[in-house]
Amino acid sequence: MTQAEIKLCSLLLQEHFGEIVEKIGTYLIRTGTQPLRMIVNDTGLLLDQVKKALCVLIQHNLVTYQLQKRGFVEYEAQCKRVLRILRYPRYIYTAKTLYNDTGELIVEELLLNGKMTMSAVVRKVADRLTETMEDGKTMDYTDVSNTFVRLADTHFVQRLNLIGKGKRRRSCDEEENGEHKAKKQKQDGESSEPPPDDGIYWQVNIDRFHQHFRDQGIVSAVANRMDQTSSEIVRTMLRMSEVTTSSSAPYTQPLSSNEIFRSLPAGYNIVKQVLDQYLTLLADDPLEFVGKSGDSGGGMYTVNLHKALASLATATLESIVEERFGSRCARIFRLLLRKKHLEQKQVEDFAMIPAKEAKDMLYKMLSENVVSLQEIPKTPDHAPSRTFYLYTVNILSSARMLLHRCYKSVANLIERRQYETKENKRLLEKSQRVEAILASMQATGAEDAQLQEIEEMITVPERQQLENLKRNVNKIDASENQVDETIFVLESFIESTMKKP
Amino acid sequence: MAGSGAGRGRTAFTFNIDALGFGKGAALPDTVSKPPPTYPSTENKPVPLKTGEDEDYMLALKQDLRATMKQMPYFLAVEEDREGANPKKAKSFESKSNLDVLKKIEELEKKDDVEEEKSEDEEDKKEDKPKDKEGDDDEEEPEEDDEEEHEEENDYISSYFEDGDDFGDGSDDNMDEATY
Numbered sequence: 001m002t003q004a005e006i007k008l009c010s011l012l013l014q015e016h017f018g019e020i021v022e023k024i025g026t027y028l029i030r031t032g033t034q035p036l037r038m039i040v041n042d043t044g045l046l047l048d049q050v051k052k053a054l055c056v057l058i059q060h061n062l063v064t065y066q067l068q069k070r071g072f073v074e075y076e077a078q079c080k081r082v083l084r085i086l087r088y089p090r091y092i093y094t095a096k097t098l099y100n101d102t103g104e105l106i107v108e109e110l111l112l113n114g115k116m117t118m119s120a121v122v123r124k125v126a127d128r129l130t131e132t133m134e135d136g137k138t139m140d141y142t143d144v145s146n147t148f149v150r151l152a153d154t155h156f157v158q159r160l161n162l163i164g165k166g167k168r169r170r171s172c173d174e175e176e177n178g179e180h181k182a183k184k185q186k187q188d189g190e191s192s193e194p195p196p197d198d199g200i201y202w203q204v205n206i207d208r209f210h211q212h213f214r215d216q217g218i219v220s221a222v223a224n225r226m227d228q229t230s231s232e233i234v235r236t237m238l239r240m241s242e243v244t245t246s247s248s249a250p251y252t253q254p255l256s257s258n259e260i261f262r263s264l265p266a267g268y269n270i271v272k273q274v275l276d277q278y279l280t281l282l283a284d285d286p287l288e289f290v291g292k293s294g295d296s297g298g299g300m301y302t303v304n305l306h307k308a309l310a311s312l313a314t315a316t317l318e319s320i321v322e323e324r325f326g327s328r329c330a331r332i333f334r335l336l337l338r339k340k341h342l343e344q345k346q347v348e349d350f351a352m353i354p355a356k357e358a359k360d361m362l363y364k365m366l367s368e369n370v371v372s373l374q375e376i377p378k379t380p381d382h383a384p385s386r387t388f389y390l391y392t393v394n395i396l397s398s399a400r401m402l403l404h405r406c407y408k409s410v411a412n413l414i415e416r417r418q419y420e421t422k423e424n425k426r427l428l429e430k431s432q433r434v435e436a437i438l439a440s441m442q443a444t445g446a447e448d449a450q451l452q453e454i455e456e457m458i459t460v461p462e463r464q465q466l467e468n469l470k471r472n473v474n475k476i477d478a479s480e481n482q483v484d485e486t487i488f489v490l491e492s493f494i495e496s497t498m499k500k501p
Numbered sequence: 001m002a003g004s005g006a007g008r009g010r011t012a013f014t015f016n017i018d019a020l021g022f023g024k025g026a027a028l029p030d031t032v033s034k035p036p037p038t039y040p041s042t043e044n045k046p047v048p049l050k051t052g053e054d055e056d057y058m059l060a061l062k063q064d065l066r067a068t069m070k071q072m073p074y075f076l077a078v079e080e081d082r083e084g085a086n087p088k089k090a091k092s093f094e095s096k097s098n099l100d101v102l103k104k105i106e107e108l109e110k111k112d113d114v115e116e117e118k119s120e121d122e123e124d125k126k127e128d129k130p131k132d133k134e135g136d137d138d139e140e141e142p143e144e145d146d147e148e149e150h151e152e153e154n155d156y157i158s159s160y161f162e163d164g165d166d167f168g169d170g171s172d173d174n175m176d177e178a179t180y
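Protein chains in written order, with my numbering: chain L, 1 to 501; chain H, 1 to 180.
Only part of the chain L face toward chain H is listed, based on derived beta-carbon distances under 8 angstroms:
1) G18
2) A53
3) Q59
4) E323
5) S479
6) N481
7) Q482
Hints in this document: simulated from the structure, not taken from any laboratory. Even for Gly, the Cβ is constructed at its ideal location relative to N, Cα and C.
For reference, chain L alone in the conformation it holds in the complex (with noise of 0.2 angstroms):
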């Protein structure tokens, strides 16, 4: 782990879980596998202090455990499942957009608690649910009920079994249904007795959103790049492929021209012609999103999920290189990528830039580490003037090196955000206290008058500091949100090349 990453951690555990959470998980990250007595020896924690942020760290699934031979539970640290905390948000808004409203609060009460039995989740998404309604109106516990069986059909939610190795099983398909009808059977006849599923637990399955978000970034490239109807077609290649294919896999398995057109969503009226057509524009597209792997049914088609995240990846490096150094370094990068090795006078020529400019601007992204040199040796010693010197672009070093970068940019944003929140600390309070002694007071029916006296016990210039303040914060939130953005791009990018056989 990077200390860039490691720095990250710690500050979401933090930020979460308090002090005594993320001291004892940072511990861990750094070090590695360690049994309880060395965790309470190193941290200087009471032992009391250890067990507790332990369990919360297992709760939510941050932390592992595991039986030794000799007789010791060792426990481990998932970076890379501490580092997800960012993409919460994420993951809700998806659950909302997929299932609405009662979607997103079982994915928010599921990430917010780690793991819950479904009828704990049920009850207290109803019960939230039911706050917001009208008066007299109560929300139905077969509603959410309903909801967390699609989600869990849709693998969006996963099971666990926590008795026994205390390792996490994946429940197949006919599994799940004969228990989701067994449960919703006895939810109904629930009252006061105790939840009868006690003991299966559930998560939220975060490989499942990650799958629907690469789909996503799939299906909006290639409606940016062709057109609406070629998006829809690509949509329906993966939403078929959903269940047959695996996340890691670098390709769909192929699909014919004929599941497609049967597929297709029932408000699109093409002819089979046309999609064939469009099919054949698809796997011709430079960029191989759909590749054709043969002729029978109709043609049979499938997706290139590594090519298609490599585009991807490559378009954030494109991007980056252009806004960080500008057009003309970004020209001399894509020629790069194009012609793989390329001497620097051979740079100048392809890319129509004057010697000392291309010098320059080579230089530059070398020290940055965008581009690299080749050295390739015409003579055993090596030497300089007798060498090859050939500029590259390695686009896996090139985007973990930028992953590394948005690591830091996170870790720094969230430091100045609890900066500019700890300077502000008092006039904060100040105003809390204020907005508190307002609702009490309009709840028991105070003047108007006595009200503007209140209100007026901020000053307009403290106004304006605050008013700066939630701008500032709310501007660096959003951009961890979009930071996290990229990250899952490079991160999806690097992980399928590392899988590849």
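Once you have looked at the hints, place chain H on chain L.
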């Protein structure tokens, strides 16, 4: 290395000097007279943030999530450890009234000294939470006892040694009598 031909043949380099960018007699780059700036200069300003309904909603979600997690039972604030530890100690102190016995107990609990010092440090930070009020009452007793204990500055149990008759006896206010 450029300095290999020092003295004679100074300008003979082992590689083609043109490749570096300096022709013969061309101006060298400016000399460095101060340390480099702490931040690189940004000629290219960053692109403005994305705005829209989605982004606004996610922003609200993020801030709500942060606020909610601070209220959850999973959030272990630093004060919790004082809350948990001090009531235990307060109870054991209140039940004994004899100062000597109190000191004995303290010395027996010497191993918790490190944690007590830590809790005193943390108390200085004084986070604004309602739990503070409950914690305040418990803090005063152990604090006072701490100060008394520090007067001794050693491990000996004071009741083992007899003080002289004059030790600590008599008020310092009465300065009429001279002390020898």
